[in-house]
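Mapping of the sequence shown onto this note's numbering: residues 37 to 489, in sequence order.
Since the hints were derived computationally from the structure, they do not count as laboratory data. Ideal Cβ placement from N, Cα and C applies to all residues, glycine included. A few of these clues could be false.
With a straight-line cut-off of 16 Å between C-alpha atoms, the simulated EDC-like cross-links for lysine to aspartate or glutamate are [unchecked claim]: (1) K225 x D188; (2) K225 x E196; (3) K340 x E270; (4) K349 x E333; (5) K282 x E398; (6) K402 x D336; (7) K402 x E333; (8) K315 x D345; (9) K349 x E286; (10) K440 x E416; (11) K326 x D208.
Quick list of simulated restraints, FRET-style, between CB atoms [as the list claims (entries may be wrong)]: (12) I185 x Q163: 26 to 34 Å; (13) G317 x Y172: 48 to 56 Å; (14) R144 x G287: 25 to 33 Å; (15) R106 x D181: 54 to 62 Å; (16) G263 x C148: 40 to 48 Å; (17) R178 x F52: 29 to 37 Å; (18) G263 x I180: 35 to 43 Å; (19) S433 x F170: 53 to 61 Å; (20) E176 x D380: 28 to 36 Å; (21) Q147 x T262: 23 to 31 Å; (22) R178 x N330: 31 to 39 Å; (23) N187 x C148: 54 to 62 Å; (24) G287 x N187: 51 to 59 Å; (25) G287 x L324: 40 to 48 Å.
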Amino acid sequence: MIILILTHWFSCSFHFIGDQGAEFDDTWIIVDEMQHESLGRRYLRSFYWSLYTITTIGYGSVPVISIHERLFSMLAMAVGAVICDAGLTAVLASILQNKDKQAGTNNRRIQCTKLFMATNDVDERLQSKILEYFAYADDEMRNIDETDILNDFSSSLRSEVLSHFSFDSLRDCTYFDDISDGAIFSLIKNLEPYLAVTGEKLSVIGEPCYDLYVFQKGSVRTKDATGAIANVAEGDIIGHLATQAKSHREGLPTHSLEINLISANFSKSKNGNPYVIVKNGRYRCRSLIKSTRNWMETIDMKVKVENADNSHKTELIVKEWRKRQNHVVVGYGEIIVTESSLGDVMVCPIHDDRGRNVGTIELRAKLCRLSAYDALTSHEMTSTALSFSHLYRLPISADKELRKYLDLSRRSNFVERIPQVGEGIEVEKDSTDAAVDWDLSIEREGLGLSNNV
Numbered sequence: 037m038i039i040l041i042l043t044h045w046f047s048c049s050f051h052f053i054g055d056q057g058a059e060f061d062d063t064w065i066i067v068d069e070m071q072h073e074s075l076g077r078r079y080l081r082s083f084y085w086s087l088y089t090i091t092t093i094g095y096g097s098v099p100v101i102s103i104h105e106r107l108f109s110m111l112a113m114a115v116g117a118v119i120c121d122a123g124l125t126a127v128l129a130s131i132l133q134n135k136d137k138q139a140g141t142n143n144r145r146i147q148c149t150k151l152f153m154a155t156n157d158v159d160e161r162l163q164s165k166i167l168e169y170f171a172y173a174d175d176e177m178r179n180i181d182e183t184d185i186l187n188d189f190s191s192s193l194r195s196e197v198l199s200h201f202s203f204d205s206l207r208d209c210t211y212f213d214d215i216s217d218g219a220i221f222s223l224i225k226n227l228e229p230y231l232a233v234t235g236e237k238l239s240v241i242g243e244p245c246y247d248l249y250v251f252q253k254g255s256v257r258t259k260d261a262t263g264a265i266a267n268v269a270e271g272d273i274i275g276h277l278a279t280q281a282k283s284h285r286e287g288l289p290t291h292s293l294e295i296n297l298i299s300a301n302f303s304k305s306k307n308g309n310p311y312v313i314v315k316n317g318r319y320r321c322r323s324l325i326k327s328t329r330n331w332m333e334t335i336d337m338k339v340k341v342e343n344a345d346n347s348h349k350t351e352l353i354v355k356e357w358r359k360r361q362n363h364v365v366v367g368y369g370e371i372i373v374t375e376s377s378l379g380d381v382m383v384c385p386i387h388d389d390r391g392r393n394v395g396t397i398e399l400r401a402k403l404c405r406l407s408a409y410d411a412l413t414s415h416e417m418t419s420t421a422l423s424f425s426h427l428y429r430l431p432i433s434a435d436k437e438l439r440k441y442l443d444l445s446r447r448s449n450f451v452e453r454i455p456q457v458g459e460g461i462e463v464e465k466d467s468t469d470a471a472v473d474w475d476l477s478i479e480r481e482g483l484g485l486s487n488n489v
């Protein structure tokens with residue numbers, strides 16, 4: 037762009053010099069027999085001269101005749117040498133050098149790792165997982181370490197960035213219902229970025245869970261004690277404490293909800309691939325990301341039905357997946373399912389935040405009471421990463437420390453934590469202080485405080 041702008045400026049100036057000198061002397065316009073040509077053709081000819089001069093090609097087919105034209109040509113050559121030869125060469129060299137340096141670092145790391153695994157007889161399956169991790173870090177993450185970036189921020193800025201990604205998720209989690217927003221902000225300071233590799237188990241039924249995870253992106257699947265499988269939605273909290281709090285608050289599920297997504301048609305989904313989040317209370321499940329209108333996917337969830345008519349309302353949130361960008365909400369919809377529903381095809385309209393219709397989802401829904409075999413007896417789930425997944429990890433030890441402090445502050449008498457008047461302080465009274473007699477009896481009676489305060 038810079039070269040084209042300079043070429044335009046120099047071509048206009050070269051044409052002006054040739055046009056003005058044509059009345060008194062021979063110029064490039066006279067010698068090149070361009071005096072009777074149109075202004076557009078002469079500009080094209082001067083632009084041609086300017087381009088090959090500034091880029092230092094120097095083809096020389098346009099004659100330079102007068103002294104003014106020669107001086108101006110030398111100026112154009114000097115500018116072209118600085119901009120094109122030195123500038124572009126330096127920029128390209130810098131880009132190639134940085135790219136070659138990073139590529140060399142990545143290649144050396146991989147070669148050293150291969151040598152280490154070969155000499156230590158590492159299992160081939162584990163070798164494959166390690167090399168896949170390096171490929172993902174180099175190609176998808178572009179060697180960016182989120183932990184290093186966050187540590188370069190100030191403490192307040194780091195907390196603000198982490199709050200942007202995780203505050204709403206933590207606030208919406210049932211486990212944190214009993215603490216304030218300020219306490220959640222204190223917990224956010226303990227969050228650390230975490231990358232789960234393919235096949236990694238974040239929580240296992242029957243095993244202690246030492247961390248809570250805020251799921252950001254990737255693919256994580258849960259399996260309950262009866263074998264029911266569900267995809268974790270972005271922003272969900274993974275961990276036994278979170279599922280335990282949901283079970284205590286909402287109770288164990290009583291029914292099985294089966295939703296068969298048939299097809300979808302969205303007018304706003306143009307820049308990415310859509311997917312659906314099925315929400316029942318605070319339980320959420322995500323569909324797969326689809327690139328076609330025909331979905332043909334079944335989502336099974338276990339829900340608690342409390343209505344007398346055994347009806348249940350389910351919310352549908354349609355989002356749009358975009359690579360390396362935040363997922364965009366397309367719209368919302370809801371369906372009501374009863375035990376008497378026969379699984380007939382229904383069309384669910386989807387509306388955006390302004391209430392405008394943005395599309396429809398064609399589906400079947402069936403609600404059945406859980407049998408004794410399928411009924412859950414445990415809140416725990418096994419969570420497994422199906423691909424490289426990005427999360428934020430919160431140590432449970434940090435949560436316990438915060439709750440211990442909050443519990444102590446609630447049990448302590450507020451008045452007992454106020455420093456006693458004159459405690460540890462020796463006041464030297466002068467004549468002015470002696471004349472002042474502070475009577476706190478009225479204030480003590482008004483506040484209901486004893487005289488021991």
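Going down the list of hints, with the structure as the test:
no.: 1; hint: K225 x D188; verdict: holds, 14 Å
no.: 2; hint: K225 x E196; verdict: holds, 9 Å
no.: 3; hint: K340 x E270; verdict: violated, 22 Å
no.: 4; hint: K349 x E333; verdict: violated, 20 Å
no.: 5; hint: K282 x E398; verdict: violated, 30 Å
no.: 6; hint: K402 x D336; verdict: holds, 10 Å
no.: 7; hint: K402 x E333; verdict: holds, 14 Å
no.: 8; hint: K315 x D345; verdict: violated, 20 Å
no.: 9; hint: K349 x E286; verdict: holds, 15 Å
no.: 10; hint: K440 x E416; verdict: violated, 24 Å
no.: 11; hint: K326 x D208; verdict: violated, 27 Å
no.: 12; hint: I185 x Q163: 26 to 34 Å; verdict: holds, 29 Å
no.: 13; hint: G317 x Y172: 48 to 56 Å; verdict: violated, 35 Å
no.: 14; hint: R144 x G287: 25 to 33 Å; verdict: violated, 56 Å
no.: 15; hint: R106 x D181: 54 to 62 Å; verdict: holds, 57 Å
no.: 16; hint: G263 x C148: 40 to 48 Å; verdict: holds, 42 Å
no.: 17; hint: R178 x F52: 29 to 37 Å; verdict: violated, 48 Å
no.: 18; hint: G263 x I180: 35 to 43 Å; verdict: holds, 38 Å
no.: 19; hint: S433 x F170: 53 to 61 Å; verdict: violated, 31 Å
no.: 20; hint: E176 x D380: 28 to 36 Å; verdict: violated, 43 Å
no.: 21; hint: Q147 x T262: 23 to 31 Å; verdict: violated, 47 Å
no.: 22; hint: R178 x N330: 31 to 39 Å; verdict: holds, 34 Å
no.: 23; hint: N187 x C148: 54 to 62 Å; verdict: violated, 25 Å
no.: 24; hint: G287 x N187: 51 to 59 Å; verdict: violated, 42 Å
no.: 25; hint: G287 x L324: 40 to 48 Å; verdict: violated, 29 Å
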